[in-house]
Amino acid sequence: MLRKILKYDFKFLFKYWWIGAVISLSLSVASGFCIRLLDTSLTERELPAVVNSSATSVIALSIISYIAFSIIAMILIFIRFYKNFFSDEGYLTFTLPVKRTHLINSKIITSVIIELATFVLIGLSVAFMIIIGFWEDFWTAKTWDTICKIFEFYFKDHVLCRVAYIIEALILIVLSVIFSNLFLFCCITFASIITKKARVITAIGIYYGVNMVISFAMQIFMLFGIGTITDYFLELSDKMLEPIVCLSGLGIILLIGLFCSILYNLQYYMIDRKLNLI
Amino acid sequence: MKKIIALFITALLLISSFSFTAFATEEPSFNFEDEYTTILSEKTEITFSDDFKTLYFGNDEYLRFSSQNIYNDMLAELNNKIILSPKQEKEIKEIMLNADKKGVLIGAYIEYVDGATLSSTYIKAEYLEEYNKIIENDFNECVVDFAYPEYNTVKLSANLLSGKTVTIKDIEINVDDYFPVLASSADENLIVEIGIVILSEGDYYYASYKELGTSRDMYFIYDEVSVTAHKITDAKAIESLNAAIKKYYDSDLGFFYDDNFTKKISDIFIILVFGILPFALLVAFTIFAIRSKQIYRKMCIIGASLSAAELIVFIIVALLVI
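Heads up: the protein sequence lines correspond to chains D and B, in order.
Using my numbering, read the first sequence as starting at 26 and increasing by one per residue.
Using my numbering, read the second sequence as starting at 6 and increasing by one per residue.
A few of these clues could be false.
Covered stretches of chain B, going by a simulated chain D footprint (3 or more residues, C-beta under 8 angstroms) [claimed, not checked]:
id: 1; region: 275-286
id: 2; region: 305-314
id: 3; region: 317-325
These are calculated hints, taken from the structure and not from any lab test.
By construction, the Cβ of each residue, glycine as well, lies at the ideal position given by its N, Cα and C atoms.
Sequences are here, hints too, so could you generate the full structure?
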């Protein structure tokens, strides 16, 4: 049943997502050519002001499109969650012969995939824009040389630890996405429980309220804690430093995983015991 | 819910009223009135020489000088009658005067008719020679002023400050770990800041402004500046300085400048977030797992496992780092 729910969730999201993807990619290609045009106007001949300003507008538009695309992708995820669980559709959703965990898992999986896909697509768009815009400068031996040197430098020592960093970073990104989405799902669910009207505004209020508290705590930690943690690590010998940093990364992953587990439990509990769609 | 809000507001009011009472009943240790008065008489007339290099306070002569290292506060306003020559009256719009408590220094802020201004400090003539001697490091005794708590000072003789010269690297200096060194006139009415004592990695050093080629107004230690200084090696002097430093860091404000303070706060934070919180969650999840059934039990077991794993990793990292 999970596959079927995933299919319908993806269908809904992809219906609008692909439009944003196509617009971002096309604008990035267009802005790549505009960069070449502007570059030519600086070095060879002067172009009319209209052409110049149009080219600049296209570049600006493409940057705006990346930001808008990422925001719209997030909004789509939350609209899908809200509509599927708390609107008229919610009555149907909760009467399906499907486990509650499957319903939640489907939302989490689709949200992670869509957000990561959005992130990758924006990265590709920016890459296309740069590659097309600086075509001649990009495809030189120097560029590849630089890239090879970076890899060489990165994997010079402690290869295992460096590979572990990359894996940990990827896991952290995925966990962060899960955490942020679960957090907002919990806010929406909680708002739907405590109020029948203005659920969305209440959810946003709860989200920002809790976010402020967390940000305040984080700022205090950044003010006092970060410098001391780096001092601790700097006192270690070179041999010990990298493995300990790796282990610390693992500890952070486990901690975020723990917080995700708490939010998941909370979400399940609220949907299972507290939700009343009447 | 209403009860909880009411309790919260009551607690907040109680805490704030308690804090207010505590502050209100605390006696101020600093008498502001004293610092804004001077022994100079208000009835005495003041005149200036034509070039404004000399100020005459009745029969007393005050000479204009470079006051960069003066430590005296000149907070007392002088409302004395100022008598100007006809030429001066044409040029000067206004003169504002202030003085220190002991009447050794007078500050003048002169506003000209054309909009120009001039700030000058005048020293009583009999103190000028003594001031110049102190500036040239010709003194017998000095005082290191730790500022907090009040009167937290250490007396040192001049010969203790002429030890081996070293260069303290920028990374070894903390911008909060240096304190002014003061030398005074024989009657202690004129106080001059002649240098600083630096605490760097457990050792004390004295850096004189004369040797650094700078002055009190111009010199600040930033983390990226290296300093050439004399190392203090006298055991008694070091003991006194250590005692004063301890008093300083134990005081209300010095507490915040202690490196250990930030370390303690961050240690508490790290232990709380990575140690105590996962432990509490482990206990909570275990209890819920025992009491719950079916799906809730599975979820609690997952939560408990993650908490336990995180706790183990934290303990390993902590042991390795310590």
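Mind listing which of the numbered hints don't hold for this structure, in increasing order?
Failing hints: none at all.
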